[in-house]
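Counting in our numbering, the sequence shown runs from 3 upward without gaps.
Treat the hints as calculated values from the structure; they're not laboratory data.
One or more hints might be untrue.
Below, computed lysine to aspartate or glutamate pairings styled on EDC-like, alpha-carbon distance capped at 16 Å [as the list claims (entries may be wrong)]:
{"#": "1", "residue 1": "K125", "residue 2": "E111"}
{"#": "2", "residue 1": "K125", "residue 2": "E102"}
{"#": "3", "residue 1": "K125", "residue 2": "D145"}
{"#": "4", "residue 1": "K58", "residue 2": "E120"}
{"#": "5", "residue 1": "K125", "residue 2": "D169"}
{"#": "6", "residue 1": "K104", "residue 2": "D134"}
{"#": "7", "residue 1": "K125", "residue 2": "E152"}
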Amino acid sequence: IGFGSGSICILTARQIFVANGIGGPRGLGVSKCGKELTCIPVVPSTTQRLVLSNNKISQLPADLKHLDGLTALDLSLNPLATVSGSLCSLTHLAILRLSECKLSGLPAEFCRLQCLRELNVSKNSLRSLPHDIGHLSRLTVLDVRNNPLEQVPWSLAACPLRSLLVDAQPIQDQEQRAV
């Protein structure tokens with residue numbers, strides 16, 4: 003197991019499993035392994051689904067291009083206070099789970115995730131969503147529950163949402179705040 007941002011993570015057989023849910027023949031899961039993992043491990047370039055939930059990953063590497071084939075990524079329950087723009091280089095990503103990560107914001111580059119269908123950022127500290135979130139033309143599921151959202155961008159109306167999970171708290175959008 004690597005420690006620090008420049009380390010390579012080496013995993014034992016006990017720590018690797020094929021994940022249920024978003025796992026499968028091209029899926030890899032490293033979850034609940036004693037909460038030992040502190041960085042994203044080196045995985046085969048053919049990996050499509052990666053579950054790294056419930057660990058101690060506190061930051062993402064500056065370059066995630068080696069994971070450009072990922073279609074599903076679960077980083078839930080990791081102490082990621084911020085998500086770098088490097089995550090937005092995963093252009094094939096369809097499912098992204100970032101619940102309970104202590105996130106305070108999402109990068110503006112988030113709108114580059116054009117294949118994103120499902121986004122779970124519940125139970126974080128998000129006060130707003132990226133203004134251009136409506137550019138995610140395939141987004142059908144959005145879970146933003148348990149966040150202190152102060153505003154919801156109007157552009158969200160352009161998404162083909164089938165499921166929008168949000169708390170029943172008063173939220174003002176940007177245009178209402180300007181009035």
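Hint-by-hint comparison with the structure:
1. K125 / E111: Not satisfied, since the Cα-Cα distance of roughly 22 Å exceeds 16 Å.
2. K125 / E102: Holds, at about 5 Å.
3. K125 / D145: The given pair, whose Cα atoms are some 9 Å apart, holds under the 16 Å limit.
4. K58 / E120: violated (23 Å)
5. K125 / D169: At roughly 11 Å apart (the allowed maximum being 16 Å), D169 and K125 satisfy the hint.
6. K104 / D134: Violated, at roughly 22 Å.
7. K125 / E152: holds (15 Å)
Hints 1, 4, 6, counting from the list given before, are not met by this structure.
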